[in-house]
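Peer 1: With chain A held as given, fit chain B onto it using these hints.
Protein chains in written order, with the UniProt record's numbering: chain A, 1 to 289; chain B, 1 to 289.
No lab work stands behind these hints, which were simulated from the structure alone.
Treat the hints with caution; some may be incorrect.
Given that identical chains are not distinguished, each listed pair holds provided it fits within a single copy or across any two copies.
In silico lysine-lysine, BS3-like type, Cα no more than 30 Å apart, as pairs [said to hold, decoys possible]:
1. K100 x K117
2. K44 x K192
3. K117 x K253
4. K181 x K167
5. K265 x K253
6. K253 x K167
Keep in mind it's a predicted model, so treat the numbers as computed, not measured.
Protein chains: 2
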Amino acid sequence: MYRIGIDIGATNMRVGLFDPTDQLVAREQSHTEATSGATQALEKLVRMIEAVDPERLASGIGIGAPGPLDVDNGIILDAPNLPGWHGLRIRDELESCVGKAVFLMNDAKVAALAEAKIGAGAGYSSVQYITVSTGVGGGLVCDGEVFAGSHQHASELGNMIVDVSLKNGTLEDLCSGTTLKRESRVLFGKDKTAADLFMHYDAYHPEARRAIARWLQHFGAALTSIIQVIDPEVFVLGGAVILHNPWLVEELKTVVTQRVYGTMKETIQLKVASLGDNAGLYGAAMLVK
Amino acid sequence: MYRIGIDIGATNMRVGLFDPTDQLVAREQSHTEATSGATQALEKLVRMIEAVDPERLASGIGIGAPGPLDVDNGIILDAPNLPGWHGLRIRDELESCVGKAVFLMNDAKVAALAEAKIGAGAGYSSVQYITVSTGVGGGLVCDGEVFAGSHQHASELGNMIVDVSLKNGTLEDLCSGTTLKRESRVLFGKDKTAADLFMHYDAYHPEARRAIARWLQHFGAALTSIIQVIDPEVFVLGGAVILHNPWLVEELKTVVTQRVYGTMKETIQLKVASLGDNAGLYGAAMLVK
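Just chain A, same shape as in the assembly (with noise of 0.2 Å):
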């Protein structure tokens, strides 16, 4: 069966067409121009389409957006980085113009089925995924399969609470390359970036070592607190934070043995994800049945 991923993010949306092999075969990608409106972005997805799979050969199509979505009802709800797309009825319109079944999902949810079944959690029971760039998500996998929640809230790790004591303490307060990149201006100046932050690290800065000894601390915590909820068998962490820094995984995984109960620090498994950025493509595309 050929199937058809869509990953689509604030910047790039990405088409792709998969064989029955689950070989990536032909792959579109284009500026999302979120602001210009819903119809304009429907009418690029089409032409995006078209143009991966013009001999129509696709089953269905699986797409990977940010959320908040009513997954249920295949509707965009009022993703902050999507501005021209609240509300869109992104399923039955795509339905109605290709005349092909559709689903939708969560982008770091598709991004965690694609990393649990092919990309490095492959061959786990549970796999949660959590990826680090301008905001933090996640995914937690089970058995090969999404585990959502009762109101397809699980995993929104993002708005998980590391510091209670602070007004902003949420994971993505304190852990987001959006906060790195705000802590890089204002050491280093406004044209600063999360990698220039990370560039003083290497070079021994003393407030870049606090900064990152602090990120560690709260990411450290809030892996304890998911091990303590839901004890999965591997944690898979990707997205740029992490894929340009790859060494920050080992060292999570000491603040973590130092945090977890006694009898735990022995099963303790982290794992940069290993499909970068077409995790989400790849994902999409798994979610057509």
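Peer 2: Showing chain B alone in chain A's frame:
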């Protein structure tokens, strides 16, 4: 099918016989005397089993015991409240004494199973039970099955990190009955209990108000994080601290509603446990297959 449930606590052991309609038809209770050693405890358990089931009707025995446990091998590892029992192979020992299949599970998880199946969580697809007494424990039940996690450590909620800025910032450090008792003693004298703290709260004592307000913020933060990780359909809260002060549950709902993402505020459900002291006994019997 008749079943026997055993609830082993630091203070008391309870043994109950359930008839084929799941009614509790006989019940024995005795002091645990956890320091007297495993041999004496086993002998006492065997006598209690004979007392509730003299005609040997039961097909099997389920045990809820404080952890950490080696569930696969039926061993009590190093439960801090059962000092004489460390390493006790309770499943094999009891099976050889009574000639029936024995099943072992963490005490909070069996209570969760009972609350989910016949208690306050009945009818919900996923139930996060949390007990707050001497310590803080829990159990997650999805579609009638305990979600144990990859290493049987799911819902060891006491070690969730609530305030990373504190040396002792776990949920149990901040919210257990032991902590409330300690705060009561600091404020009101060394013979005081958690109940005295709540009494002074009712009398609008400002320090008592602040202590309970802190407890609500801390516990609410943990509930928020649990929602973000697994999005359970309902929380069922039990244990002495909650059962003696059930109004806390409505207050917690207010705190959690302020903290979760916008689209999740309307779906939060928190309930008070309904099986009281017998939850562990009922749930233990449910382990018998």
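Peer 1: Could you run down the list of hints and mark each one as holding or not?
Peer 2: Evaluated hints:
Taking the closest pair of Cα atoms, K100 and K117 come within 30 Å of each other only inside a single copy of the chain (24 Å); across copies the shortest separation is 41 Å, beyond that limit. Proximity of K44 to K192 under the C-alpha cut-off of 30 Å is found in neither arrangement, the shortest distances being 34 Å within a copy and 70 Å between copies. Within a single copy, K117 and K253 get their C-alpha atoms as close as 23 Å, which meets the 30 Å cut-off; across copies the closest is 37 Å, which misses it. With identical chains, the CA atoms of K181 and K167 are at most 30 Å apart both within one copy (20 Å) and between copies (28 Å).
Proximity of K265 to K253 under the C-alpha cut-off of 30 Å is restricted to the intra-copy arrangement: shortest distance 10 Å within a copy versus 33 Å between copies. Taking the shortest Cα distances, K253 and K167 sit within 30 Å of each other both inside one copy (27 Å) and across copies (19 Å).
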